[in-house]
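Student: Single-letter residue listing:
Protein chains: 2
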Amino acid sequence: MADRIQPRVLKGFRDILPAAEIERADLQEKITKVYRSFGFVPIDTPVLEYSEILLRKSNGETEKQVFRFEDNGKRDVAMRFDLTVPFARFTAEHESELYFPFKRYHIAKVWRGEKPQAGRYREFMQCDIDTVGSDSAAADFEILSVMKAALAEIGVTDVTIHVNHRGIFNRFLEKLGQSEKSEDILRSVDKLAKIGRDAVRAELVETTGAESCADEILEYIASADDFDATLDKLERMAGGEADDTKRMREIREMMKAAGIDATYVLDPSITRGLDYYTGVVYETFLNGCPEIGSVCSGGRYDNLAGLYTKTKLPGVGASIGLDRLIAGLEKLGKTTKKGSYLDAEIFCMDKSLVVHYQKVAAVLRAKGIAVEVFPEQKKIAQQYAVTDAKCVKWGIIIGTDEAAGNVVTLKKLETREQFPSLTVEQAAEKILSEKN
Amino acid sequence: MADRIQPRVLKGFRDILPAAEIERADLQEKITKVYRSFGFVPIDTPVLEYSEILLRKSNGETEKQVFRFEDNGKRDVAMRFDLTVPFARFTAEHESELYFPFKRYHIAKVWRGEKPQAGRYREFMQCDIDTVGSDSAAADFEILSVMKAALAEIGVTDVTIHVNHRGIFNRFLEKLGQSEKSEDILRSVDKLAKIGRDAVRAELVETTGAESCADEILEYIASADDFDATLDKLERMAGGEADDTKRMREIREMMKAAGIDATYVLDPSITRGLDYYTGVVYETFLNGCPEIGSVCSGGRYDNLAGLYTKTKLPGVGASIGLDRLIAGLEKLGKTTKKGSYLDAEIFCMDKSLVVHYQKVAAVLRAKGIAVEVFPEQKKIAQQYAVTDAKCVKWGIIIGTDEAAGNVVTLKKLETREQFPSLTVEQAAEKILSEKN
Chain A
1 MADRIQPRVL KGFRDILPAA EIERADLQEK ITKVYRSFGF VPIDTPVLEY SEILLRKSNG
61 ETEKQVFRFE DNGKRDVAMR FDLTVPFARF TAEHESELYF PFKRYHIAKV WRGEKPQAGR
121 YREFMQCDID TVGSDSAAAD FEILSVMKAA LAEIGVTDVT IHVNHRGIFN RFLEKLGQSE
181 KSEDILRSVD KLAKIGRDAV RAELVETTGA ESCADEILEY IASADDFDAT LDKLERMAGG
241 EADDTKRMRE IREMMKAAGI DATYVLDPSI TRGLDYYTGV VYETFLNGCP EIGSVCSGGR
301 YDNLAGLYTK TKLPGVGASI GLDRLIAGLE KLGKTTKKGS YLDAEIFCMD KSLVVHYQKV
361 AAVLRAKGIA VEVFPEQKKI AQQYAVTDAK CVKWGIIIGT DEAAGNVVTL KKLETREQFP
421 SLTVEQAAEK ILSEKN
Chain B
1 MADRIQPRVL KGFRDILPAA EIERADLQEK ITKVYRSFGF VPIDTPVLEY SEILLRKSNG
61 ETEKQVFRFE DNGKRDVAMR FDLTVPFARF TAEHESELYF PFKRYHIAKV WRGEKPQAGR
121 YREFMQCDID TVGSDSAAAD FEILSVMKAA LAEIGVTDVT IHVNHRGIFN RFLEKLGQSE
181 KSEDILRSVD KLAKIGRDAV RAELVETTGA ESCADEILEY IASADDFDAT LDKLERMAGG
241 EADDTKRMRE IREMMKAAGI DATYVLDPSI TRGLDYYTGV VYETFLNGCP EIGSVCSGGR
301 YDNLAGLYTK TKLPGVGASI GLDRLIAGLE KLGKTTKKGS YLDAEIFCMD KSLVVHYQKV
361 AAVLRAKGIA VEVFPEQKKI AQQYAVTDAK CVKWGIIIGT DEAAGNVVTL KKLETREQFP
421 SLTVEQAAEK ILSEKN
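Chains as they are written, first to last, in the UniProt record's numbering: chain A, 1 to 436; chain B, 1 to 436.
Among these hints, one or two may not hold up.
Unchecked claim - Once the Cα atoms are required to be at most 27 Å apart in a straight line, the calculated DSSO-like pairs of lysine-lysine come out as:
hint: 1; chain 1: B; residue 1: K393; chain 2: A; residue 2: K30
hint: 2; chain 1: B; residue 1: K379; chain 2: A; residue 2: K390
hint: 3; chain 1: B; residue 1: K393; chain 2: A; residue 2: K109
hint: 4; chain 1: B; residue 1: K390; chain 2: A; residue 2: K312
hint: 5; chain 1: A; residue 1: K393; chain 2: B; residue 2: K379
hint: 6; chain 1: A; residue 1: K64; chain 2: A; residue 2: K115
hint: 7; chain 1: B; residue 1: K338; chain 2: A; residue 2: K109
hint: 8; chain 1: A; residue 1: K115; chain 2: B; residue 2: K64
hint: 9; chain 1: B; residue 1: K412; chain 2: B; residue 2: K337
hint: 10; chain 1: B; residue 1: K64; chain 2: A; residue 2: K57
hint: 11; chain 1: B; residue 1: K331; chain 2: B; residue 2: K379
hint: 12; chain 1: A; residue 1: K64; chain 2: B; residue 2: K109
hint: 13; chain 1: B; residue 1: K312; chain 2: A; residue 2: K379
hint: 14; chain 1: B; residue 1: K337; chain 2: B; residue 2: K181
hint: 15; chain 1: B; residue 1: K109; chain 2: A; residue 2: K11
hint: 16; chain 1: B; residue 1: K33; chain 2: B; residue 2: K379
hint: 17; chain 1: B; residue 1: K390; chain 2: B; residue 2: K334
hint: 18; chain 1: B; residue 1: K338; chain 2: A; residue 2: K435
Since the hints were made in silico from the structure, they are not lab data.
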């Protein structure tokens, strides 16, 4: 074929090769396991939806980034850019078929045509959980607790979850007479880690028109010694106790009761910018590389599906950005290398024995051993190249003598240690005994 | 908000609610487990690709069905309509990073704008396996063996896998002097189950111009008494032994050696129509409802990635159509109902105890029990509605007396049987002992 096409993927997209995909699958499976163990249930929604459904609430930035087109039926459609908007539509559409509180997880791809840059892709995976239909401290705490448990399950324990409450901040701004400027103020505060205190102060002075206001805001967003001391300070600056501070204290009590309070800090500088959150908000940083940003964020919102139903559904949720998390794990040297799920390889020593090899494989599989038969009598070096790439622990060698005696030679491939003249049953036993 | 949007999905698309999604996840996990145990490794490719890459080899029908558009960067892009074309592009692009034979699985969604009809969706899930880089009977047999094992793992054992070899049929047509009409003949033969023997004969007479040819073809595609007798007949009609019949005999020997030969029939009417297969081909029918069509099909091809690389990569693969398989399981009453992954629910009997409930939940989770805390003190009937929907086995009741005594009442929700005054440890033991 002279007319060959250069194989390539679109800008901002990528293939995932086996070792990396095994790692991704492993993380997803562990996260899923934890989500399930807290009572979250899976749903699925279409990748394509009416643009009207996905984009009505969005700002101009999202519209520019979305993959949107006219389908063959002249419908204006778009690929989902997050899992929250489809979930809101889903909840409204199936309200009568669901029960509340409804706790769902959804681990799936989303698409945004962002400017490609290091570690940023146009197709990426989100791992979302949300509880809707309950405005309670228990639901808030549960999400915070799942976040920690999911990260622990994948071996990430050196982590800090930063928590805040938008309601307390709003009260404080009201007391300061700056409520109507809250959007600009939030936008500036959100940049603290990025542009530094002085630059944020300069912006705040311009926004509020008063140095004293800027300084009060900066004082507000600084953490005190510990969670409780910070909460006391925020309460004081916001004008005293109210539902929001009571809620934070209740959540804190639950953290202590569950013995996980050390993972959380009260960080008044976390606001989640212009997002639709109304209550608790949180971001999660790997202590070893906070610079990659939050790997798990979320918060409480007043009304999930107001665009589609008159039922008011308060909720709380979080999302693990799997791609960013993996970037972090790579930086920390915490990724594992695994080339396959195999326990053993039956090498093809003699092509006249290929039927016998399948028989042995069937016996081993019936005992729960993951095994493949090398399908052709290639040079042994070529066969080893495959078992190396697939990180197979055990080689099974059967030449004509072994086949005649109905035995095998077992070989630990890493050390080249050999165990000759084992029956298939003995070989199976050895493989299983060293499987962890 | 007066300006509400009607929540709805696009024609031919659908949401999956929790009980159905749990079923789907369960099937996928079991199929994945089997694929892995035979040495297949996962990859991932983008949902969106250049239209040129996806569509070059396709026929007009595919082009009409594909979701294709111009992206914001003026690129002509399309959503994948199968997992084979992206795999061919992947293999060519990463040839130097892979090892061969390369065995991959890919379980993912594909999109086709087909006319929506009962059980047909525009977004559906395929579970593909392929082995490329080996033209061997062992590789052919392995795919056939995985198909059976994957279906067995999900409880589908009453199944027949129909196998055939395109090469033998091609030799037969050559002998008949009808090679150049093979496309039309294949198309007719493929319709046997749908339109019946007489209608196929009429088409064949028209195509070949001779009643005797039509009758010979009909004789060829009829099965004899058993696999071996049929193979003898095909060999005879195709002009004697050749590589193709030797291959079929070798595969048959492997089926017998592995003790799984009863599942397979040699069915000369299976051709996979105009697909690119060149060797063995197969289709799989649930014996209880063959009318839903093949739930797992595939075959051997000469050259996977010839459009993108000069390396000739022979391969063999199969694909389970998850949506059709589920439709079949539903018809057979073989689907299971499961509302969540929970073992137990801690009811909220008294809102003053919410912190205590979290403490108990943390202790139970540390013992490996999947448990959720009902987050608010709602009417007990409302709490039961949730545990019913989520099919939770155990209720944990803690009122003020129990909390004071640091005990719980365990309740088997289905039978209402109660086990009062258990310590949390005793309750955990009972829950775990009845978990299968």
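Student: A separate judgement is required for each hint: does it hold in the structure or not?
Tutor: Against the structure, the hints come out as follows:
1. For the given pair, K393(B) sits about 23 Å from K30(A) by alpha-carbon distance, which is consistent with the 27 Å threshold.
2. The suggested pairing of K379(B) with K390(A) is violated, with an alpha-carbon distance near 55 Å, which exceeds 27 Å.
3. Only pairs whose Cα atoms come within 27 Å are accepted, and K393(B) paired with K109(A) is rejected, the gap being roughly 33 Å.
4. In summary, the hint linking K390(B) to K312(A) is supported, as the alpha carbons are separated by about 23 Å, within the 27 Å threshold.
5. In summary, the hint linking K393(A) to K379(B) is not supported, as the alpha carbons are separated by about 56 Å, beyond the 27 Å threshold.
6. Under the criterion of a C-alpha separation no larger than 27 Å, the hint pairing K64(A) with K115(A) is consistent with the structure, at around 11 Å.
7. Distance restraint check for K338(B) and K109(A): the Cα-Cα separation of roughly 25 Å lies within the 27 Å cut-off, and the hinted pair is therefore satisfied.
8. Restraint check: the Cα-Cα separation between K115(A) and K64(B) comes to about 31 Å, which exceeds 27 Å; the hinted pair is violated.
9. For the proposed pair K412(B) and K337(B), the alpha carbon gap of about 18 Å is at most 27 Å, so the pair holds.
10. Taking the CA atoms of K64(B) and K57(A), the gap is about 33 Å. The hint is violated against a cut of 27 Å.
11. For the hint linking K331(B) to K379(B), the alpha-carbon distance of about 38 Å lies beyond 27 Å, and the restraint is violated.
12. Pair hint K64(A) plus K109(B) holds up; C-alpha atoms about 25 Å apart against a cutoff of 27 Å.
13. Using a Cα cut-off of 27 Å, the hinted pair K312(B) and K379(A) holds, with the two alpha carbons roughly 20 Å apart.
14. For the hint pairing K337(B) with K181(B), the CA-to-CA distance comes to about 50 Å; that exceeds 27 Å, so the pair is violated.
15. Restraint check: the Cα-Cα separation between K109(B) and K11(A) comes to about 21 Å, which is no more than 27 Å; the hinted pair holds.
16. Only pairs whose Cα atoms come within 27 Å are accepted, and K33(B) paired with K379(B) is rejected, the gap being roughly 42 Å.
17. Using a Cα cut-off of 27 Å, the hinted pair K390(B) and K334(B) holds, with the two alpha carbons roughly 20 Å apart.
18. Taking the CA atoms of K338(B) and K435(A), the gap is near 31 Å; set against the 27 Å cutoff, the hint is violated.
Of the numbered hints given earlier, the model fails hints 2, 3, 5, 8, 10, 11, 14, 16, 18; all others are met.
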